[in-house]
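Please construct the entire structure, taking both the sequences and the accompanying hints into account.
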Amino acid sequence: MDQIGDLLPNNLGETPEEFQKIKDFISSRYGVSSVVALAHNAIVITVPDSAVAVELRMNHLELQTTCDIDPKLKLVVRINPTI
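Start counting the sequence shown at 0; every next residue gets the next number (numbering that gives the first Met the number 0).
Please keep in mind that the hints were generated in silico from the structure rather than gathered at the bench.
Even for Gly, the Cβ is constructed at its ideal location relative to N, Cα and C.
Keep in mind that the hints are not guaranteed to be accurate.
[Unchecked claim] Simulated restraints, written as ranges between beta carbons of each label pair:
1) SER32 / THR65: 27 to 35 Å
2) SER49 / GLU13: 29 to 37 Å
3) VAL31 / GLN63: 14 to 22 Å
[Stated by the list, open to error] Distance condition first, Cα-Cα at most 16 Å in a straight line; then the derived EDC-like pairs of lysine to aspartate or glutamate:
4) LYS22 / ASP48
5) LYS71 / ASP23
6) LYS71 / GLU13
7) LYS22 / GLU54
8) LYS22 / GLU61
Now the structure itself:
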């Protein structure tokens, strides 16, 4: 019988393509790292700087079209300086 610790790492899967596109967009445009997660009907983007967060909020339509994000999903931008 397998242990839980043996099963979990094998079932995590790959990062969704949209998430990787968002990370690449932020990294190339603003030069910062980011964390992208899915929560309910929203994509949560966490960045380390408030200036980047404001830019992302102002350019959310460009982000949606460039990264092929479903328009039904809400984009939430959060700030966490420890990432």
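| query | Among all the numbered hints in the text so far, which are the ones the structure does not match? | reply | Hints 1, 5 and 6 contradicted; others consistent.
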